[in-house]
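> Listed below are the residues making up each chain.
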Amino acid sequence: MGYAELFCQSNFSFLKGASHPQELIQQAHFLGYEALAITDECSVAGVVRAFSEQQQYDLNIKLIIGSLLRLNDELDIILLCPTLAAYQELSRIITNARRRSIKGEYQLEEWDLKTCYHCFVLWLPSGQTQQDEHWATWLKKHYGERLWLGLQRHLHSNEQIHIHYCERLAETHQIPIVACGGVLMHEPERLQLQHTVTAIRLGKPIQKVGRQLLSNAERSLRPLAKLQQLFRPEWLAESVNIAKRCHFSLQELRYQYPAELVPEGLTPTAYLRQLVIQGMRKRFPEKPPNAFYIKRIIVKELKLIVEMQYEYFFLTIHDIVQFAQQQNILYQGRGSAANSIVCYCLEITAVDPRQISVLFERFISKERNEPPDIDVDFEHERREEVIQYIYQKYGRKRTALAATVITYRFKSALREVGKALGIAEVQLDYFIKNTNRRDRGLDWQTQLVESGLAADTQQGQLLITLVNELLRFPRHLSQHVGGFVISAGPLYQLVPVENASMAERTVIQWDKDDLESLGLLKVDVLALGMLTAIRKAFNLIATHHGKDLSIAAISRLRDDPHVYRMIQQADTVGVFQIESRAQMSMLPRLKPANYYDLVIQIAIVRPGPIQGDMVHPFLKRRDGREAETYPSEEVKAVLSRTKGVPIFQEQVIKLAMVAAGFTGGEADQLRRAMASWKKTGELAKFKSKLINGMLQRGYEHQFAERLFKQICGFGEYGFPESHSASFANLAYVSSWLKYYYPQAFYVGLLNSWPMGFYPPSQLVQDARRHNITVLPICVNHSHYDHLMEQHQNRWGIRLGMRLIKGLSSQAVDKLISQRPIGGYRHSRELKTIGLKQNELEALASANAMHAFSGNRYQTRWALMDNLSDLPMFKHVHEPAIAYQFQPNATDNLLEDYQATSLTLDKHPIALLKEQGHLRHCIPAAQLHQVRHKALVTVAGMVIGRQAPGTASGVTFMTLEDHTGNINVIIWVATARAQKQAYLKARIMQVSGILERGDGGVTHVIAGKLEDKSGLLDKLTTRSRDFH
Amino acid sequence: MHKLWLYLHFPALQLDALQTPNLALPTIILDAQNNQILQLNHKAKEQGIQIGMGLGTASALCSELQVEPYNADIEVNQLMRIADSLYRLTSDIALMKPRGLLLRIHNMLRLYQGLDNYWQAIDITLREHNVHYQFATCNTSLGAKLLAQTGWNHISDNTQLQQTAIRQCDIKETELDKKTIQHLQRVGIRTVEDLAKLPLPELARRFDIQIVTYIGRLLGELQHNVPFYHPEKQFHRRIELLYDITDTEKLLVPLSHLLLALEQFLQLREQVAQALHITLMQREASNLLFTISAAEGLYRQQHWLPLLTLKLESVQLQSPVCGVALKAEQVHLRESDHQDLFQGKQSHFSFHQLLSLLQAKLGEHAVKGITLEDDYRIELSSAYVSPGTVNEPQLQAQANRPLFILPQPIKLTDKVRIVSGPERIEWGWWDKHPVHRDYFIARHSDGRWCWIYRTPEHCWYLQGYFS
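In order, the protein sequence lines correspond to chains A and B. Under our numbering, the first residue of the first sequence carries the number 1, and numbering increases by one thereafter. Under our numbering, the first residue of the second sequence carries the number 1028, and numbering increases by one thereafter.
No lab work stands behind these hints: they were computed from the structure. Accuracy of the hints is not assured; some may be wrong.
For each label pair, taking beta carbons as the anchor points, the in silico distance ranges come out as [said to hold, decoys possible]:
1. 1459(B) to 129(A): 39 to 45 Å
2. 1437(B) to 109(A): 54 to 60 Å
3. 1486(B) to 457(A): 26 to 32 Å
4. 1157(B) to 73(A): 56 to 62 Å
5. 1410(B) to 130(A): 32 to 38 Å
6. 999(A) to 1073(B): 42 to 48 Å
7. 490(A) to 1459(B): 40 to 46 Å
Backbone N, C-alpha and C define an ideal beta-carbon position, used for all residues, glycine too.
Please model the entire structure based on the sequences and the hints provided.
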């Protein structure tokens, strides 16, 4: 006797279901069920995972799509999808119910049910006679032959009575009975977790929940033999009958691209070809020397696009970037498909293919079976315009964001399970704060025990087991950062849409992996601060230098040795990507001299390659200190461009294929497992396959093991070459701007802040070190934004009022629009223009009235006076009584930092030195004169503490003094022994040994740490801490 | 005679109350809501932990940190105790919750013949409480408070000296609100001296009246009325124990301290009490409450003690006791016993009187209330509670449960016929009584309806009868 489970909720019925969809389909298959319906409550968010599992393991069990729906606490029904039409109908009903409610909830209406013409309906009687009689009649009337009565048995008391009741209902109303399980767990052992998530949902400790918890584990997938004891044969048979009539599979879903993109009379292919040809003329106005080669590649690419039916995808992106171009919004495409000449011609990317011909062979690969990947970055301040354009063009019904499934991570799982077990919150906080997830020496279980969890008690064991089970459980759906799904018809025919927490945003119920599994495409519209900065710099250059620049124009100028010399000296503060401390310390060693070097530089200084121990071999081989060897020609073909060291994600995938014999499909799974390694831990599955595959093909075991280690390293942070190529382009363009138009570069950056790695204070210091005059904020000269201003016949930077904390841009507009031609001459005048009191005071404290008013204390004091606010006293201007408090140098410094977070006066360290402190400290700018291995003492403001997971136990600390930044390396033992200074210091004095590495990079290896914050007690500085 | 105030500031009142042996370890009192450390012991200070720090930084600095959540009740309770004992020495005390006491002392000096004597008396009493304290005298109450809180620790009636000290204080230490302080700092005003230099009208044009009033009162230019403390009307005190007590007999010691305090309290007021509510704070279980009553009002420790001893014999502790509290009820003026034969009220017992009599005679366990519990397990679906407690919310009894439950399930030996079932109960894995049973309703051959169950090992038990 067969059985099909038609009522089963996964953990996508958040905090109700206690098993992953994958576990459910595996278990149902194992138990020999004919079919399994995943019927989460008003959701289909989990079905794709079950579907992928079924496909991947080729499970011989039918997957049915359905959903449990509740109407006003009186009617529970399950809708099942026998056909595509039924699926579209369900999807619409869920969408309507979800869209009526706030995020995470739904509200079903009778009307929804009345318009259900295709779905099968399982009704679960409530046991309230009157109610059930009403609904039985109603349902029978509307659904007729599509209606069943779902009978569940969970071994409750009085179950016989319930069965008789249902039988009578069924007989009276002529509704066939079908057995169903109301499954919440794939196996009975999940009962504890089910109880726990129930307690979490109800917000009470388990002991206090009482009989709202399940009384037993019967709501699991049960063996057939047991079901035969519980249900009559005809009820079981009916489940199989229903399953047999369900033919819909997710495979049938096909994405229909918006047709309006193609002008009438043209096929998409013809239109795409036409656009590419137009683009060629624009991109290659003069016939390039390798024109024939380029044409041949274009033909090849177009052929592949047509074969894979991706024309609409490229057209959609083309349309979006066209809009950006018209609006003068800077953008850049990236991703594997982006690095094609087609994309260059469609103006999606601006990387001149002649510079990196090597990249273009690795366009979309059919054998790798990847979906085409194009992300487009837009200026971060203007991305919303692009999003609004998409909504406007396609309408809200036809476009929505992909979801991101937020899952339980260690902290949230521990907190919630702990609360459910009745552990005090203070205690849980303490556990969480004492657990370092980056510590790869100790797993979190051991760390918990070390911070005092009694692992031998029942409670301690339960905590560890349940946290482990709850990890990676979905919690809720959130919106993807910018992945849009656009369709020809209403989107709800494809997948349900629900409200996001952000107003006016909607998300579909699937995430990007789900979309990929079904071969559906999304368009990534992302935000990038650097593009804003570059566009602002371009505008400034056009205004002040009369030159029109573009990213493509700069990259067409080919590699400029001056720019690369600057990069090699690590003079890259503010430059895209290569400005971080790790990148900067690698620049003098790697010495990038052309575009592809930059591509490698960006990819290599990442935790992946560093963890996989790839950096040193690469440097050695590049410098010719080590021979390049390859175990085979195939491997050589993959690795030769990076000196035999795998640096890019694509290389690892390709290696798995050529060296370990992965098929395209398997390699794709590997790629996805790598991307979500931390979330799902699926990578381990591939280990034996990879290593055995390589051994079979005659590779050495050591080589195979090393490759697997590298893959694991990549998993977390790996960088695809295609992305690196696009980033390198922006890194180059920003370096070029920094070299040729530094004022415009800094002003562009400062006006786009917050973005990038450095706060304004450090950017301004960097500008001044490049001999650029920086002029203070002044109510008579400054605007809201920073400006380029002529000063002694050179361009300087005039700081803008956007730096002043507590001052709105509207206030600045008012201030400027009412500014007299000769400028303000008295603080009184500012009082009359209608600024708020706190804004006036902020201006005074920022010393923005220094041109005509006394010191800032006095100005602020005068502005605080409310006497002249009164109408009668309006024209009475008492002579200002001399205010007795005058700021000294330290006061001014503190006020500068407090009001604007930076100072143009003396640097705090310079000030302290003047006052006789920190005498023996060597300034940053003089460190290069100190010999290698010498003992030094340095001091500075702590502007960064970074403890990357890659360097176990090492903290990189950056100290800033009046001459530059100092790199300090603190070993774990040093940090532990001098914890107080290490953790608390804002001004730190470090004695240690100076080390000079390759390329002249200096570090101070810390010995003694001294907290000198007391010297400048109230100074507030911001440190970027990464733990 | 000019005015003189004494302010006592107790910087670590909760920590002081906590005196457990654990104090050898770094300990902090944490305001969990704002994630801010409020109090810390010397050991914690040594590790670099500071007041105002968050738990994250603190636990990074010290891995063996003991964390206690802040509890204002404990502090207020302590404060009241101290106030109460000082009340015997001085008449005008104002409670400055949660950590300060303000004493008006100029009117006491003649009685004590000088400030030194007075302070000595106060100091001795304070020492008995074993708490940390800071102190200061000043001619204004706010001045005394400010100086005490900054740890001035001077006893003097030299106004000049006091005022100089006040003027040196940072404005951050004053009671002005944070925003005002920030505003003042931003125009270069750092100390009370700076503030005092400014003409009051100038200040008044820039700030609200609060600052002018405060400065006026601080410097003695304006009057300041303080509401004084009046001793409690009702005796309700609590002791945090120095260490946990597991033996009820040992509880007699702290409780007899409380009884002695009660005796003093009642004696001063010429009062007697008829009922005492006693609360035992159990570390890992809910509070244990019981009442002892006396048919006629008592006040002496020696009279209450036997009743209490009797009572304690029948008290079962679920977990170690970390604190005890005593509250006197039905207190009235002591009067000579003159019972009116004709009032006819001799046999009337209040609920508590009846209860305490029954309990004292039969033992605690013999008298119980009963309530429903929200539990599938029959053994735990009803529970005995201390009489008079009501379960919230009201629960529905479960269907199909027998009225008669055997004290222990017994092995099923007789032949029965199963009528309905199974009802499966798999529950309670989180506590000490997990069950995994299939229940059936069965008919015994002699006609009885039985409630039986089967374990996963296929053993059968009889647990109850329906009829």
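> Checked against the structure, which of the hints given earlier come out wrong?
7
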